[in-house]
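**Q** Protein chains in written order, with my numbering: chain S, 1222 to 1508; chain R, 1109 to 1422; chain D, 8 to 245.
Careful, some of the hints might be misleading.
[To be verified] Which residues of chain R face chain S? A partial, calculated answer using Cβ under 7 Å:
| # | residue |
| --- | --- |
| 1 | Pro1208 |
| 2 | Ala1211 |
| 3 | Val1281 |
[What the hints assert, rightly or not] Calculated cross-link-like contacts (lysine to aspartate or glutamate; reagent style DMTMM-like; alpha-carbon spacing at most 25 Å):
| # | chain 1 | residue 1 | chain 2 | residue 2 |
| --- | --- | --- | --- | --- |
| 4 | R | Lys1407 | D | Asp23 |
| 5 | D | Lys121 | S | Asp1311 |
| 6 | R | Lys1407 | S | Asp1396 |
| 7 | D | Lys121 | S | Asp1396 |
| 8 | D | Lys134 | S | Asp1406 |
| 9 | D | Lys134 | S | Asp1396 |
| 10 | D | Lys121 | S | Asp1406 |
| 11 | D | Lys121 | S | Asp1395 |
| 12 | R | Lys1306 | S | Asp1396 |
If you're looking for bench data, these hints aren't it; they were derived computationally from the structure. Using N, Cα and C, we set each Cβ at its ideal position, and we do this for glycine too.
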Amino acid sequence: MDWINAIVQGVLLGGLYALFAAGLSLMFGVMRFVNLAHGDFIIAGAFGAMVLVELTGLNPLWMLLVVVPVMGAVGYLGQRLVLNRVVGQDLLPSILVTFGFSVILQNLMQETFSADSRRLSAGALDTASFSLGSGLSVGAVPLLMFVAALLVLGSLNWFFARTNMGRLLRATSDDPEIIGLMGADRRHIFGIAMLLASAVVGVAAVLLAIKTNFDPAAGPIRLLFAFEAVIIGGLGNLWGTLIGGVILGVAQGVGAQIDPGFQVLAGHIVFLVILVLRPQGLFSRSG
Amino acid sequence: MVLVIVPLLAGPYWADRGTMRLLIEVFYFLALAQLWNLLAGYSGLISVGQQAFVGLGGYSIFSLAMFAGVPVLWGLPLAGLVTALIAWPTAMIAFRLSGPYFAIGTWVIAEVFRLGFAQVSALGGGSGISLPTAMVKAMAVNRSARESLTYWIALGLMLVVLLGVWLLMRSKVGLGLLALRDNEEAAVSVGVRTRPLKFAVYIGVAGLTGMLGALIFLQKLRITPEAAFSVNDWSVLVIFIVVIGGIGSLEGPILGCILFFVLREFLADLGTWYMVILGIISVMIMLIEPRGLWGIITKRHPITLFPVAHRRVG
Amino acid sequence: MSPLLDIMDLDAFYGDFQALFGVDFTVDAGEVVALVGANGAGKTTFLRTLSGLVPSAGQSIRFANQNIAGLPAFQIARNGIAMSPEGRRLFPSLNVEENLMLGENGGREGAWTKQAIFELFPILEEKRAIPATLLSGGQQQMVAIGRALMANPDLLLLDEVSLGLAPVIVRDIYAALPRILGSGASVVLVEQDIGMATQVSDRLYCLQEGRVSLTGASNGLTRQDISTAYFGRKKEAS
């Protein structure tokens, strides 16, 4: 029964990982751009939520209303003002600039918030759980994470399929040169892509803050989890990213069941195995 | 050039212990920087996982010494060899990815090593292990001799790396690497055998990085998974050195290394702000003049200390 | 009445490589102007420069009495120049209908709506929900032209619409030209098939190694004139 519980927990954790991964997938899909500071932005969002909670005394989940739009706006501005200069054919600047951002962010956060690990309390939700019968129980927070992932990914897919900007984003991921001929400003489209990715990061940040302990140095490992979920699931497919997250979560859950110290390593190993056996991922669009 | 090398060779005769340790650190950071530049600046392979090989080299020399009784001086090149051998399957996995995903993939692989070694109790698990004093003492007659020996090995390794990279980039192989960096597809179409080339340079660099790792931990006398596979120590600082000094040239990393150590002297007290400043400088360099400080200097006066077959354009 | 498009002394570069040398080119409202030349002569470069894909800062490209040189592609599209690019360049992730709808991002109102495109090329309505790149070559070309028309341009650029297509299909596509002109658009077309080019156009330019080697009324030029200009000896049309 412990094993089944571990697997269920892993599935739900996969929801959180899918949220980490969705932003990364979006950025790469539209702009062929990977933000090495992605994990650190998630942590920054978590700290932002923490500050807001300290200021208002409200339940952290309320902070979604602030953190998500603010991060979205920051993402749009960051893209238009800075990142649009490094997006493009040349690989080196985009990797190294975001790598630099990662280090800057981590150290700024450490300076501001100290290296202590902390976690936000969602009040009664922290310990609430639902019983699924025969000894199986599911925590409210993990369930919330998974539902959030479904909602976010579903909304993104709806947005891509049904709106003009969604079509523009899909088209830009196909052919960024020709998109200008359509009368569409690529700089703005990239900004929107970053806005969406950052908003998703905001959701992930608040949920992470509730779910687990975080500290200023906790960013990089989240980047790795996001990356692993994207690669496992396959590029270009948001639902694939959810599956990727779930597989990663389950791998970690099973690993933790074997030995608590083995959790993260188990995830890495499963990722490497899938990378070797099926490098294009399980649900790649181009596979 | 000779003006610089001769006094360095005589280091142990005029430098005190502290200075020698500092110089050793300069040497191995410079070597690591040159190797990272060879991968990223000349071959277009951006790795954020070189710490894997530093750690492997360190653990190799310790393991060889402790379990096979290999004297540490032999252990050094052997550690490099072992690291290169392990780098082969690593490369096969990593090269399934490209571009930024390749970079993150190398990081994941390094993490696997870190977590993996933390599980090996024979090597001290998470708390690490110290080099047995007997093996340490077997290195040389006394402590002073041992430190001089370590110094010369470090200097020697650095010179080998520097010379090796320079000669490589002057050769046809080097030209092939540059073609690989600039446009892999085009390189393939003109007959450059890119896959063996990528493998060769990656594994070669891994081996040398492993030797450096062996040297580093030989000097520290103690190894832990955290220290061995630290992304901050062996990737972040090395990358900053190369980026700020100037990626894509041999002079850049030298300049960057000197600057790094000078800055460290003055800014070390600032702790985390020091890293923030380094980060900001790196970002600004990439946005304004991607060829780094050396690029800014040579813009006006195109001088080269190390002429290679081809200059990085743009 | 000043020309709709008036280009003077245009140079174009790909990096250090110069592709166009001092090209003069005009289009009057309501005209169909053909551009011919051997491969590599610079025809596609010319259209790419005109549409903003190739940088043209400092040059003189007057369109509707405004110099559009140096403007980004999306701005030029919004000003009323639309292109069906070489190789069609449809978006594989989008179906036929969505590819067409993308053309509306220029923000220009006019006769060309989705329904109008479907009337022009009925097969597209039938295939509207199919991913655009799964269509046959001729149908893809119709999508590319339709996508450009959706921007309701004053000037339509057609780059090698006949490339890789059977003559029957090409004729069907060019049969749409009268209706395109009827909606108020003028047309510049690049065409490999000289016979087709002289047949559908009012005037013709020939490019040879980046320079205009011949220009004149299409019905006044002989095959001899054109093939001479095509391959290298400059000859003014009589």
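**Q** All hints are to be evaluated individually against the structure, with a verdict given for each.
**A** So, going through the hints one by one against the coordinates:
no.: 1; hint: Pro1208; in the structure: 3 Å, holds
no.: 2; hint: Ala1211; in the structure: 6 Å, holds
no.: 3; hint: Val1281; in the structure: 21 Å, violated
no.: 4; hint: R:Lys1407 to D:Asp23; in the structure: 19 Å, holds
no.: 5; hint: D:Lys121 to S:Asp1311; in the structure: 38 Å, violated
no.: 6; hint: R:Lys1407 to S:Asp1396; in the structure: 35 Å, violated
no.: 7; hint: D:Lys121 to S:Asp1396; in the structure: 22 Å, holds
no.: 8; hint: D:Lys134 to S:Asp1406; in the structure: 29 Å, violated
no.: 9; hint: D:Lys134 to S:Asp1396; in the structure: 22 Å, holds
no.: 10; hint: D:Lys121 to S:Asp1406; in the structure: 22 Å, holds
no.: 11; hint: D:Lys121 to S:Asp1395; in the structure: 22 Å, holds
no.: 12; hint: R:Lys1306 to S:Asp1396; in the structure: 29 Å, violated
Against the hints set out earlier in the document, violations occur for numbers 3, 5, 6, 8, 12.
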